Each structure stands twice: as C-alpha cells, then as structure tokens.
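Engineer: Starting from the given sequences, assemble the full structure and let the hints guide the process.
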Amino acid sequence: MDDLESLELLSLVSKVTSELQNHLGVSEKTLAEFIIAQRVECGSFDEFKQKLATIGADFPPSLVESIDRLVLTLHPKFKGQNHGQTRADENEKHGQSAEEKTKVFKGLSIPDKEVDVIDDTLALLESLEPKRAEKERPRKRSRTPERDDYADDYGKRKRKERYRSRSRSRSRSISPPRGRRKGRYDDEYDGDFRRPPPREVDETPILYKVYEGHVTGIKDFGAFVNLHGVKGKIDGLVHVSAFGQRVNHPSDLLSKGQEVKVKVIKLEGGRVGLSMKDVDQETGMDLAPQLRIGSGANMEALGGRGGYDTKNVVTNGFGDKGAFQATANARQHKKRMTSPERWEIRQMIAAGIAKASDYPELEEDYQATLKGEGQMELEEDVDIEVRDEEPPFLAGQTKQSLELSPIRVVKAPDGSLNRAAMAGTNLAKERKELRQQETEAKKAEEKKVDLSSQWQDPMANPETRKFASDLRKNAQAAPAAPDAVPEWKRAVAPKEVSLGRRTNMSIKEQRESLPVFAFREQLITASEMLPTTIPEIQRQNLSNTILMLKAMGINDLLRFDFMDPPPVNTMLTALEELYALAALDDEGLLTRLGRKMADFPMEPALAKVLIASVEKGCSDEMVTIVAMLNLPNVFYRPKEKQAQADQKKAKFHDPHGDHLTLLNVYNSWKNNGYANPWCFENFIQARSMRRAKDVRDQIVKIMDRHRHPVISCGRDTNKVRQALCAGFFRNAARKDPQEGYKTLIEGTPVYLHPSSALFGKQAEWVVYHTLVLTTREYMHYTTSIEPKWLVEAAPTFFKMAPTDKLSKRKKAERIEPLYNKYAGADDWRLSAQRRGGRGGGGGGTWG
1 MDDLESLELL SLVSKVTSEL QNHLGVSEKT LAEFIIAQRV ECGSFDEFKQ KLATIGADFP
61 PSLVESIDRL VLTLHPKFKG QNHGQTRADE NEKHGQSAEE KTKVFKGLSI PDKEVDVIDD
121 TLALLESLEP KRAEKERPRK RSRTPERDDY ADDYGKRKRK ERYRSRSRSR SRSISPPRGR
181 RKGRYDDEYD GDFRRPPPRE VDETPILYKV YEGHVTGIKD FGAFVNLHGV KGKIDGLVHV
241 SAFGQRVNHP SDLLSKGQEV KVKVIKLEGG RVGLSMKDVD QETGMDLAPQ LRIGSGANME
301 ALGGRGGYDT KNVVTNGFGD KGAFQATANA RQHKKRMTSP ERWEIRQMIA AGIAKASDYP
361 ELEEDYQATL KGEGQMELEE DVDIEVRDEE PPFLAGQTKQ SLELSPIRVV KAPDGSLNRA
421 AMAGTNLAKE RKELRQQETE AKKAEEKKVD LSSQWQDPMA NPETRKFASD LRKNAQAAPA
481 APDAVPEWKR AVAPKEVSLG RRTNMSIKEQ RESLPVFAFR EQLITASEML PTTIPEIQRQ
541 NLSNTILMLK AMGINDLLRF DFMDPPPVNT MLTALEELYA LAALDDEGLL TRLGRKMADF
601 PMEPALAKVL IASVEKGCSD EMVTIVAMLN LPNVFYRPKE KQAQADQKKA KFHDPHGDHL
661 TLLNVYNSWK NNGYANPWCF ENFIQARSMR RAKDVRDQIV KIMDRHRHPV ISCGRDTNKV
721 RQALCAGFFR NAARKDPQEG YKTLIEGTPV YLHPSSALFG KQAEWVVYHT LVLTTREYMH
781 YTTSIEPKWL VEAAPTFFKM APTDKLSKRK KAERIEPLYN KYAGADDWRL SAQRRGGRGG
841 GGGGTWG
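Using UniProt numbering, the final residue of the sequence shown is 847, and nothing's skipped along the way.
Do not take every clue at face value.
What follows is a set of in silico ranges between Cβ atoms, one per label pair, in the way DEER data are often shown [claimed, not checked]:
1) Thr503 <-> Pro565: 39 to 45 Å
2) Val40 <-> Lys808: 41 to 47 Å
3) Glu33 <-> Leu434: 40 to 46 Å
4) Glu47 <-> Ile534: 28 to 34 Å
Here are the simulated PhoX-like cross-link-like pairs (lysine-lysine), alpha carbons at most 20 Å apart as the crow flies [unchecked claim]:
5) Lys651 <-> Lys670
6) Lys277 <-> Lys256
7) Lys735 <-> Lys810
8) Lys742 <-> Lys761
9) Lys810 <-> Lys799
10) Lys811 <-> Lys742
11) Lys735 <-> Lys799
12) Lys209 <-> Lys261
13) Lys799 <-> Lys788
14) Lys742 <-> Lys788
15) Lys788 <-> Lys810
16) Lys799 <-> Lys811
17) Lys808 <-> Lys788
No lab work stands behind these hints, which were simulated from the structure alone.
Note that this is a predicted model, so its numbers are computed, not measured.
All C-beta atoms in this analysis are idealised placements derived from N, C-alpha and C, irrespective of residue type, glycine included.
Structural biologist: Next up, the structure:
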C-alpha cells in the first residue's frame with residue numbers, strides 16, 4: 001500500500017469516527033477501523049446490515065447508511081469500481097423505493113392538480129372586490145369618472161356596473177393616480193367632478209415646513225411674508241441672507257403682494273424666521289430636507305441627541321400631520337428609570353453639573369404620576385416558545401415523529417486544490433502586499449544611511465562606506481513599478497491591435513495543443529476534483545422552488561423529475577416554512593396568499609412582508625426596504641477616510657434598526673433629486689442606489705397589477721417592524737445574559753454586526769435578514785421588535801410560554817454565582833479551596 005492510499009484510509013477512519021461520535025457519542029478509532037473492515041468484507045449493503053446484527057451492533061439505520069456511503073466513496077478498494085448508480089437504484093439499495101416513500105411521506109405525494117384558468121380568474125376577481133370595513137365610509141360612487149356606466153338604482157345592478165366600469169378604466173390616463181385614492185366625492189349630487197381637497201390648515205407654524213405666502217412689506221434688512229395655511233394672520237421675516245442670491249436691496253427681487261414659497265427655519269416666541277433659498281420657487285420642493293427625511297436618530301444633526309421634539313416635526317410627504325401627532329402622543333413602550341438613576345441625575349442637576357432641560361422625562365413622569373395618566377408602560381417579561389405541533393398534512397412525517405436519514409451534502413473534497421480555489425484571491429492579495437512591504441522597507445533603509453557620519457567616523461569599515469553616486473546608480477537601476485508605463489510608449493503604442501495569433505485549428509485541436517492537455521487523465525482521476533459541479537438546487541432557497549411548483553399545480557414532489565432530487569428532509573422543512581407563512585393550508589395546497597407570493601420574484605419571506613405591509617398601511621416604506629435589501633451594501637469605507645465615512649453613516653442610523661436605516665438613506669437620496677454628488681459626499685455607492693430604484697419600480701408595477709395600494713405610514717415605524725415580523729419570524733433572536741444573542745428556533749449563538757445601527761444598544765428582541773459566517777455568526781440587517789408581534793404574525797409557529805410553570809428557556813438556564821466577578825466561575829467550590837497541611841505546611845485541596 002502506497003502513501004496515498006494510507007492517507008485516504010486515515011481520512012476515511014476520521015470521518016467514520018466523527019459519525020460514531022455524532023450518533024452514539026463514542027469516539028473510538030479502533031471501533032471505526034473494525035466497522036470499515038466488516039464493510040469491506042461484505043459484498044452488498046444488505047449483507048453488511050446482517051453482519052452488524054449478527055455481531056450485536058445495534059446501530060441506527062441512518063448511521064449504517066452513512067458508513068456504507070463513506071466506505072464506497074473513500075475506500076481505495078472501491079475507487080476503481082463504477083458506482084454511478086441512478087438515484088432510484090440507490091434508494092432501492094437502502095431499502096426505500098419510490099413507492100415506500102410515497103406511503104411514508106404523504107405530504108410530499110399529494111396528487112397534482114391542473115391549473116384551472118376559470119378558477120384563477122374568479123379568484124382574481126374576488127381579490128379585486130373592495131373590502132367593506134365598518135370603520136370606512138361607504139362609497140356611493142365608483143372611482144371612474146365615466147357617467148354612462150352608472151345606474152340610477154343602487155340595487156344588485158350596482159356591483160355589476162362597478163366591475164364593468166373598472167374593466168373599462170384600466171388605462172393609467174383614466175384611473176386615478178396611486179396614492180391619491182382618498183379623494184372626496186360629492187355624495188349629494190351625481191356630478192362628474194371631484195371636489196378639490198381642502199388645504200391643510202395648521203394651528204401654528206411648524207418648523208422646517210414649506211408654506212406658500214405673499215409679501216406684505218419690504219425693508220432694507222429683508223421682507224415680511226404672510227403665511228398661507230396657518231390659522232390667523234402669521235407674518236414672518238425673510239432676511240436678506242436667506243434670499244438665495246446677492247441683491248443690493250430686497251426690492252430688486254421682491255415686490256409687495258408677490259406670491260412666494262418659504263420655509264420656516266426658526267421659531268422664537270412670537271417671531272418666525274423664514275428662508276427662500278431652501279425652497280424651489282417654481283415647484284415648492286424642499287432643497288434642504290435633511291432635518292425632515294429621517295426617523296429617530298436622523299431627525300437630529302450629526303452629533304446631536306437621539307431624541308427629537310415632536311412639536312416641531314413634520315411628516316416626510318407621505319403621511320399626514322394628524323397621524324404623526326397621534327403616534328407621537330401614543331403610549332410608548334420603554335423602560336422606567338430606576339430609583340438610583342433618578343437620584344443620581346437629581347444630584348447632578350442640584351450641583352449644576354447637568355441641566356434639568358436635558359432630562360425632561362423626570363418632570364413628565366412626576367406630572368404623569370400626579371395625574372394618573374401612566375404615560376410610560378412597564379415592560380413585561382414575555383417569553384416565546386416554538387410550537388411542537390406538526391402541520392396537519394405532515395402529521396407523523398417530520399423529524400419529530402420519524403428518524404430521517406442525514407442529508408447528503410455534495411461539496412468539494414478537502415485538499416490543497418480546494419483551499420487554493422477558495423482563498424486564491426486572498427493569497428494573491430497577501431503576496432502583493434508582502435512584496436510592497438519589502439520594497440518600502442528597502443527604500444526606508446536606504447534613506448537612513450548617513451553619508452556624512454561615515455566619513456567623520458575614523459573607525460568605520462572602508463568596505464561598508466557608501467557614496468552618494470552609488471545610491472544614485474542604485475535608484476536609477478531599480479526596476480520601475482509594474483503599473484508605470486512611460487508616456488512615450490503610450491503615445492507610440494498602436495491602438496485597437498488584436499492580441500494573439502490567427503489559427504485555422506478548431507477549438508478541440510487548440511485545447512489538445514496546450515501543454516496542460518498531457519495531464520488531462522491525471523487531473524480527471526484526482527481525488528480532489530469532482531466529476532460534475534455542485535447541484536444548483538443546493539445553492540438556492542428550496543421554499544421558493546416548492547412554491548413555484550405548487551403554483552404550477554405540481555403537488556407530487558416525490559415523483560417530480562428533478563435533475564438532482566433534493567433530500568426529503570429539506571423538502572419537509574420547506575413545506576413547514578411555507579405553512580408557517582400561511583402560503584399552504586391544512587391540506588398542503590396553495591392558498592390565495594401563497595398564489596400572490598408566487599407572483600413576486602423574490603424569497604417567500606420577502607413576498608409575505610410586502611403583502612403584510614399592505615394590510616398594515618406601510619407598503620410604500622416596505623417596497624423601498626425590500627428594494628434596498630436586494631443590494632449587497634450601499635455604504636463604502638475607504639481606508640484613508642474610515643472615520644469620516646462612519647460619521648456620515650451614523651447620520652442615517654435609526655434607533656430601531658438597520659431596515660429603517662436603509663429607508664432613511666433612500667428617502668434622503670430621493671429628496672436630494674437622486675444626485676450623484678450627494679452619494680459621493682455621504683460615502684454611498686450611486687450605482688447601487690440606481691439599481692435599488694430600478695428594483696423598486698419593478699415591485700411597484702407588480703403591486704399595481706394586484707391592485708395593492710402603495711401608501712405610507714408616515715412616522716409610525718412600528719407598522720414597518722410588525723410587517724417585518726410577518727415574514728422573518730423564523731429569524732428572531734433574543735439577547736443572551738452572558739454574551740450576544742440566541743436564536744429562538746435552535747438556540748444558536750449569534751452576534752450583532754459592528755456596522756449595525758443596534759450595535760452597542762440594549763435591544764432585547766431582534767429579527768435579522770441573513771447570517772454572515774466569519775469567525776462568528778453575525779446578524780446582518782437587524783431590527784428590534786416586540787415579542788408579542790411574533791405570536792401575532794405566526795400563531796401556528798410561536799406561542800406564549802405558560803405563566804404557571806417554567807418555560808423551556810428558563811429550565812435550561814444555569815444559576816451563576818455573583819460573589820466575586822473577578823474570580824473564576826468555580827472558585828467558590830470546596831474542591832477549589834486550598835488549605836495548609838497539619839505539620840510541614842504542605843498544600844492540598846479539599847476532596
């Protein structure tokens with residue numbers, strides 16, 4: 001046996017030992033070698049099973065199959081044999097034919113259903129029918145302005161005419177524009193015209209809001225403008241410096257009675273400061289919307305406080321002021337300050353170190369306690385558990401009821417070729433940096449040579465003396481940089497010259513003429529290379545594939561002709577995920593929601609988030625967030641400006657998480673006219689933002705096709721976070737008392753990414769978009785949530801932990817002693833206490 005075969009045997013023994021450790025908890029190399037020898041002596045899999053039963057080895061069937069597969073794949077004796085069996089033959093060898101699988105996994109073998117066009121059309125019409133909610137005002141007229149389609153009576157014929165009018169008004173020129181469907185119609189008369197919406201009138205001027213007005217007076221230092229849209233007669237001053245252009249006198253630019261558009265920039269008592277340079281006088285667009293675009297931390301300037309004054313905040317153009325004020329006055333869920341913290345703050349205020357205005361919550365809590373309003377609500381210790389119930393159509397078929405065989409993952413074998421392929425770019429980069437460092441080190445050594453000191457030192461070695469001419473010659477003889485091309489060479493070099501040589505040989509002959517062709521057989525038979533590429537079905541989300549098959553009427557997944565059939569385990573997991581997303585019913589068939597999700601070209605979780613946002617009333621924000629999630633990263637950090645880039649990025653951070661941070665970035669870019677200079681200034685990739693805009697436009701078209709309104713929630717970002725829970729509830733994690741977070745499903749330790757907006761903050765419950773695996777598993781794109789939202793979003797997957805007994809999480813917790821935080825965890829035990837001996841002073845330990 002040569003060295004190569006011995007290495008292959010060692011690798012096989014190591015893998016069988018790990019399988020024994022995983023299944024039986026026994027890590028014995030001798031036992032692994034004995035089992036391998038028994039399999040080599042047997043001629044078939046059935047004979048191997050009988051032999052194990054004869055010697056009394058009570059192994060699980062999954063372990064026996066795994067050992068058989070490893071021996072046939074890695075043992076040198078079976079390398080030369082042809083084991084290219086089909087998938088059906090392999091299943092039959094292991095005792096599971098297609099018919100047996102059909103009997104066991106009934107949820108995977110539901111009879112196929114042909115797509116009925118009539119049923120789909122009727123379902124589409126039913127979905128287009130408006131929902132009659134009691135809270136909404138009943139409509140007496142259709143949305144279409146065509147008079148001929150209306151009937152005089154309002155009986156059964158009205159619904160027919162409504163559908164007929166909708167079918168005739170599919171054109172964009174006739175149908176009302178999206179986002180303005182709340183227009184008022186005349187309910188008393190059958191007129192053809194819509195009433196113009198009444199102008200919104202504010203009680204007082206709102207900071208950073210744009211108003212229309214007219215000039216009432218002109219002075220040397222500025223002009224007075226009367227504001228429209230505010231109750232009463234409110235005049236403000238536009239200073240000369242706020243005109244936007246240099247003028248000798250305000251009368252050169254303005255005249256009395258002229259209509260202008262101004263922005264409120266200062267409110268001091270009864271004085272109102274206005275500006276014209278921040279507003280486009282033709283369109284009324286806000287040219288400096290930085291103080292209005294964000295939510296949370298982005299409402300303040302860079303380096304300011306995280307909070308903001310709800311009295312001076314306006315909406316971003318999507319929602320209305322009343323909705324935001326209602327949200328701002330709503331009850332906020334936040335932790336009450338402890339008594340020691342209140343005492344320390346009051347002492348600091350009394351000593352003059354801190355200002356009372358910096359802690360308004362102290363006075364608010366005091367007044368609320370006196371009035372009994374309870375503005376602040378204490379957080380409840382809510383515990384969430386995963387349900388143990390199986391889906392009805394998968395009862396007795398999942399891993400909770402059956403012992404399924406482990407998944408066979410096809411991957412590139414371990415070896416130097418695979419490592420070089422995976423880390424080739426990193427190795428090349430390291431070699432390049434190493435050469436640059438060596439070159440710079442040589443240059444630094446040459447600069448350190450002091451020629452004058454060598455001549456002044458009488459004891460210097462004559463051989464080590466260097467002349468200035470020698471250094472000059474070495475610099476001239478040094479090779480030029482590889483990228484430095486002389487200018488004369490660039491000017492003389494011919495343009496558009498084809499490289500290479502022309503040949504009449506075919507592609508096959510050209511390949512055979514290459515020197516590497518002589519090693520073709522050796523490369524093919526090498527153990528570190530796969531005969532075929534890894535199946536694509538292992539690279540993508542199987543839930544999306546099964547959802548597409550269900551939408552096409554293919555329910556029998558076991559008999560479907562996959563090119564590379566996925567394992568049964570993964571198909572069952574994908575069906576469970578679709579059932580939790582409400583895409584499948586109790587019989588395993590596609591629901592109406594699932595059919596809508598199949599129309600969106602994205603993962604089922606993202607599609608569910610979009611559809612849920614329509615019900616929550618935040619579809620405009622969610623469309624933007626989903627479009628931004630399709631990009632790898634919009635921020636970039638140049639090495640020489642990392643601190644500045646982080647400072648710019650912090651301006652967009654939202655205290656609730658990264659999804660709303662992406663929303664702030666897109667809204668800022670939109671309010672600045674989709675400008676590339678703005679992206680360059682804020683260290684944002686302009687190409688990625690344009691790609692996000694294209695994706696957003698495509699999603700909006702799909703939403704319009706399904707008649708889903710794209711509306712905004714204004715500043716009520718809780719709706720956005722609730723919609724995220726509807727799709728990413730499986731990616732929920734809870735803060736671990738020791739370190740990081742732990743996922744709710746499997747309890748896997750995960751950590752916040754350092755670039756996250758929640759990094760360093762006390763977020764108890766979070767949902768994440770993806771996991772990035774480096775030295776740790778980092779959560780990418782994280783948002784803080786409330787635990788009760790998970791139960792509301794997925795009642796078939798989560799449940800509230802019972803209050804009359806300990807939950808599973810609390811049962812698994814260990815009580816850690818808090819005697820001395822600087823000592824070891826087990827230093828308090830008697831066995832760890834050292835004591836002196838009786839006579840000679842020798843040491844010892846208890847126990």
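Engineer: All hints, please: hold or fail.
Structural biologist: Outcome of the hint check:
Taken as a hint, the range 39 to 45 Å holds for the pair Thr503 and Pro565, whose Cβ atoms sit roughly 44 Å apart. One distance hint, 41 to 47 Å for the beta-carbon pair Val40 and Lys808, holds here, with the actual separation near 45 Å. Roughly 43 Å separates the CB atoms of Glu33 and Leu434, a value that falls within the hinted 40 to 46 Å. Separated by about 32 Å at the C-beta atoms, Glu47 and Ile534 satisfy the suggested range of 28 to 34 Å.
Under the criterion of a C-alpha separation no larger than 20 Å, the hint pairing Lys651 with Lys670 is consistent with the structure, at around 16 Å. For the proposed pair Lys277 and Lys256, the alpha carbon gap of about 19 Å is at most 20 Å, so the pair holds. Proximity of Lys735 to Lys810 is assessed by CA-CA distance (about 13 Å); at most 20 Å being required, the pair is judged to hold. At roughly 16 Å between alpha-carbon atoms, Lys742 and Lys761 fall within 20 Å of each other, so this suggested pair holds.
Our distance criterion of 20 Å between C-alpha atoms is met by Lys810 and Lys799, whose separation comes to about 16 Å. Proximity of Lys811 to Lys742 is assessed by CA-CA distance (about 15 Å); at most 20 Å being required, the pair is judged to hold. For a cut-off of 20 Å, the pair hint linking Lys735 to Lys799 stands: about 19 Å separates their Cα positions. A distance of roughly 11 Å separates the Cα atoms of Lys209 and Lys261; the hinted pair therefore holds under the 20 Å criterion.
Proximity of Lys799 to Lys788 is assessed by CA-CA distance (about 9 Å); at most 20 Å being required, the pair is judged to hold. For the suggested pair Lys742 and Lys788, the alpha carbons sit about 18 Å apart, so the restraint of at most 20 Å is met. Straight-line distance between C-alpha atoms of Lys788 and Lys810 comes to about 18 Å, which keeps the hinted pair within the 20 Å bound. A C-alpha spacing of about 17 Å is found between Lys799 and Lys811, which places the hinted pair at or below 20 Å, so the restraint holds.
Pair hint Lys808 plus Lys788 holds up; C-alpha atoms about 18 Å apart against a cutoff of 20 Å.
Taken one by one, the earlier hints all hold for this structure without exception.
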